[in-house]
Amino acid sequence: MPEQDRVRVEPAAGPPLLASRLTPAVPPEPVVARPRLLRRLDEGSAGPVTRIAAPAGWGKTTLLASWVRLGGAPADVEPGAVVPDSGQLAAPPEASPVPAWVSVEVGDDGDRLWAYLAAALRSATGSTESGPVPDRSPRPEHLEALAASLAAADRPVLLILDDLHRVTDPAALSGLEFLLRHAEQRLRLVIGARAGLHLPLHRLRLAGELTEIGPDELAFTDDEVADLLTAHGAALPAAAVHRLRDRTGGWPAALRIAALAVRGQPDPERWVGQFGGDQPEIAGYLHEEVLATLDPAEEDLLRRTALVDTVCADLAEALTGRADAGQALADLAGAGGLLHREDVRPPWYRCEPLLADLLRADLARLPADELRELHARAADWYAGDGRPPDGLRHALAAGRWELAGDLFVAHWPELTRYDRAPVHAPAPGSPPAEVVRADPEVALACAAERAYAGDLPAAAGHLRAAAGHAAGLPVPRRDRFLRLVTALEMSVARLADDPAEVRAAAARLLRTRPAGATPTRVPDSAPTGTASSAPTTGGGGAADDADLRAFTGTALGLVELAEGALPTARFVRARAAAREAGRPRTELVGASRAALLLAVRGELRAAEQAARDALGMPPCRGWSCRLDCAYAYLALALVALLRDQPDEATANLALAGPAFGVADGWVGSAETGTGDAWLAAAPGEPVAAAVAALCRSQLHRDAGDPAAGQRLLVQAGAALVDRPSATELTSLLRAAEAELRAERGDLDAARDLLSGAADDGTDPALAVTMAKVELLAGDTAAAGRALPSWQSPAATAWPLPVRLDAGLLDAVLAEQAGDGRRAGRILEQVLDLAGPQGCRRVFTRAAPPVRNLLAAHLDAGTAHFALVSDLVRGASASTTARPAAAPRGMLDEPLTERELTILRYLQSILSNVEIASELSLSVNTVKTHVRNIYRKLDATRRREAVRRARELRLI
964 MPEQDRVRVE PAAGPPLLAS RLTPAVPPEP VVARPRLLRR LDEGSAGPVT
1014 RIAAPAGWGK TTLLASWVRL GGAPADVEPG AVVPDSGQLA APPEASPVPA
1064 WVSVEVGDDG DRLWAYLAAA LRSATGSTES GPVPDRSPRP EHLEALAASL
1114 AAADRPVLLI LDDLHRVTDP AALSGLEFLL RHAEQRLRLV IGARAGLHLP
1164 LHRLRLAGEL TEIGPDELAF TDDEVADLLT AHGAALPAAA VHRLRDRTGG
1214 WPAALRIAAL AVRGQPDPER WVGQFGGDQP EIAGYLHEEV LATLDPAEED
1264 LLRRTALVDT VCADLAEALT GRADAGQALA DLAGAGGLLH REDVRPPWYR
1314 CEPLLADLLR ADLARLPADE LRELHARAAD WYAGDGRPPD GLRHALAAGR
1364 WELAGDLFVA HWPELTRYDR APVHAPAPGS PPAEVVRADP EVALACAAER
1414 AYAGDLPAAA GHLRAAAGHA AGLPVPRRDR FLRLVTALEM SVARLADDPA
1464 EVRAAAARLL RTRPAGATPT RVPDSAPTGT ASSAPTTGGG GAADDADLRA
1514 FTGTALGLVE LAEGALPTAR FVRARAAARE AGRPRTELVG ASRAALLLAV
1564 RGELRAAEQA ARDALGMPPC RGWSCRLDCA YAYLALALVA LLRDQPDEAT
1614 ANLALAGPAF GVADGWVGSA ETGTGDAWLA AAPGEPVAAA VAALCRSQLH
1664 RDAGDPAAGQ RLLVQAGAAL VDRPSATELT SLLRAAEAEL RAERGDLDAA
1714 RDLLSGAADD GTDPALAVTM AKVELLAGDT AAAGRALPSW QSPAATAWPL
1764 PVRLDAGLLD AVLAEQAGDG RRAGRILEQV LDLAGPQGCR RVFTRAAPPV
1814 RNLLAAHLDA GTAHFALVSD LVRGASASTT ARPAAAPRGM LDEPLTEREL
1864 TILRYLQSIL SNVEIASELS LSVNTVKTHV RNIYRKLDAT RRREAVRRAR
1914 ELRLI
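Counting in my numbering, the final residue of the sequence shown is number 1918, and the numbers go up one at a time with none missing.
If you are wondering where the hints come from, they were derived from the structure by calculation, not from laboratory data. One should not assume that every hint holds.
[As the list claims (entries may be wrong)] Calculated pairs, SDA-like style, for lysine to any residue (alpha carbon to alpha carbon, straight line, at most 25 Å):
#	residue 1	residue 2
1	K1899	L1917
2	K1899	P998
3	K1899	L1915
4	K1899	R1861
5	K1899	T1888
6	K1899	R1911
7	K1899	R999
8	K1899	T1859
9	K1899	E1856
10	K1899	L1884
11	K1899	R1910
12	K1899	S1885
13	K1899	N1887
14	K1899	E1881
15	K1899	E1914
16	K1899	L1858
17	K1899	T1864
Because the structure is a prediction, the values reported are computed rather than measured.
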């Protein structure tokens, strides 16, 4: 975008015009540059209309003014650079659009708006007062003359209209619509507005002529937050920067307030942890700039629905009594931008964090009876909608003790937490002693609610209070009561990361199963002879038995998964029991984990089905299930990888990343990400992190960068060192690493990695890889000795990819021994195994002997002719697509050791803030090194620098 010229305000009839409304406002300094948004404006302004829509304080005017002052997004403007207060840049190219700025004010009618539009357009086009530009609401003939004048102009006009939402008369904007349609694309609009506009946005959107920038893009990233704090002279550690960004939702106004306030704090980190929307500066801004602009009915709806974290139309109607609540929510999310709409059907909405804080603070000032009534409405709605955790929380907050007890007894398996996302909800009041005495299940309900919220000490206190009343209960009720106590003890132990107590509680709970039920194995490490609070006799019916199997199986499976084991069968059985018992939340956990573990085993069809089932469940229920979805996406990524669909694998990895704390997932090119973020972000999910490393290492290999894949595998293996149950997973990582080392020509290192464990043949993955290494070294005899029997009964328990690798290797050895008929028979058996699962990668990414064997097999005849033909084509394509290693080059000015270190980090998805934290440097020091790296590599962006470094073999 070109620099704005000085505006000339021609004298005109009527009130005088203010030059300040025809030039960009000077925002309060300092303002940091945000190149990603400047580029979005550059790209959008090449089309007819660009709209920046967000509530107050989201930086619309600041962004537009920065864009004008910087003349667009210059290549030499670094993120975090301070924007100058005057745009004295190089002269713009003659072909670029001529900018014209108008700030719209409250009370502008059609005539006043067009008076300013006339002044701006005259300045941009160089016309005089007598020209075709009308200075009041134009008549049709005026519009036609102006459209013709714009169409004939040498350069397009870029009209920037700030705060256009202040124009409430649709007729005032109809002239702009006419000009857009008839000026032959010589008029381009860039609009900043809070709410809806009286312009045909739907038509423009359908025509692909509208660029929209909303709060999601305007929100500050972690790096931009760090830049803003640095510009204000306020320094925070990387973890505190991320926490501040999370608490504010990236809202620029709140971040500026925080940057000003944090400088004087003796303990900035602690202050950030307490930062919220109820603080005076934030509350005042929100009241004056956001809530004051709303209709009282809209404000009341926002306040009442702030009782819950997310809200849908039916729930809002229950809380407010408004039949039009759904439409009101849609309006507040769309035109108002005050609510964020979740991408589910039916739509759910959530408030921005700081606004939610303020609304809840206002809500707490309601009379107690009115607040309890709201909680009671929410409890009834959630209970009827099949969402027992939320129903229980609100029933306790409303003092509906009987409902709380009934919800707990009926839905206890669904009242345990399966993720670590915080629950921002105050603790409800404790029930009166007489209520607990008469109905001790209410105390268990309180314990379940506190455990779900992560308040384990309070949960344990409620459990102790409840257990004291067990002796006075009649026998059938006492048996049920003690089972529930044991189930809660197991939940608390799991959330407290106490696997021994989980196993002990599971053993006690399983002893209460009905007589004659099929035994369920508890791991041998479960203590025996532990004092039991549960009855030792069988009880309950088939439904109770299914609940016990689902609940204990899921808990034990999660414990084993956290230890690095691969308990596939346990999750499959737990999922089946949960489905039998009608416990969809528990079934979701089993389906998502089983999907990933089945994919690791190579049971791709079952894995894909389980993952699709899991992803099909959450939108219907509104659960907090991001982690479950992430497991399902990771399973689909592995399935796609084994089917040799790298783009699909990359996309699913990116979808899985955020739930594990990887902010941007993974883009998937060889230029981004080394996996450090995955391994650091998912310490409690070692299996997921390791599987992600396996997937990504293979994608790096396919992209011609096996070294990056090897580093990933080394890091993933190191993360499992202190997990003795991770034997199988560690073997898969070592086998993949050894194979990459061998492919890179480091055969001795590959042998060293495999020696010992592979020699005895007890680990099939390592033994098969050793055979592949020996074959790659040209020693067919050693390869034959190392290769385990892949057709033995024991081999049916191997992961399918390992078994297929072994079969292919056996076929290659037979071919090289001159026994082509035996090689053909073996290859046909391998195809019989691979075909039903669609497992293609072992063929298409195999060494040349396998590809030659496949081509010969076509000529010899096969029952899998179509499959083999496809595999031959795929193998040829993968060989052609794999880039060759680039030659090492030289730099005019070599990189320093510190710059090389930071360059390696630039391959990852870590932000500058996170790199600074990793290296114990300041953010500014990292940025200085990054600028030097860019200069020496002749690059302007991170990706370009990484690509150039790879070409020079620096990384």
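Now for the hints, and whether the structure bears them out:
{"no.": "1", "hint": "K1899 / L1917", "verdict": "holds (12 Å)"}
{"no.": "2", "hint": "K1899 / P998", "verdict": "holds (21 Å)"}
{"no.": "3", "hint": "K1899 / L1915", "verdict": "holds (12 Å)"}
{"no.": "4", "hint": "K1899 / R1861", "verdict": "holds (14 Å)"}
{"no.": "5", "hint": "K1899 / T1888", "verdict": "holds (17 Å)"}
{"no.": "6", "hint": "K1899 / R1911", "verdict": "holds (10 Å)"}
{"no.": "7", "hint": "K1899 / R999", "verdict": "holds (23 Å)"}
{"no.": "8", "hint": "K1899 / T1859", "verdict": "holds (11 Å)"}
{"no.": "9", "hint": "K1899 / E1856", "verdict": "holds (6 Å)"}
{"no.": "10", "hint": "K1899 / L1884", "verdict": "holds (21 Å)"}
{"no.": "11", "hint": "K1899 / R1910", "verdict": "holds (13 Å)"}
{"no.": "12", "hint": "K1899 / S1885", "verdict": "holds (22 Å)"}
{"no.": "13", "hint": "K1899 / N1887", "verdict": "holds (18 Å)"}
{"no.": "14", "hint": "K1899 / E1881", "verdict": "holds (23 Å)"}
{"no.": "15", "hint": "K1899 / E1914", "verdict": "holds (14 Å)"}
{"no.": "16", "hint": "K1899 / L1858", "verdict": "holds (7 Å)"}
{"no.": "17", "hint": "K1899 / T1864", "verdict": "holds (15 Å)"}
The structure meets every hint from the earlier list without exception.
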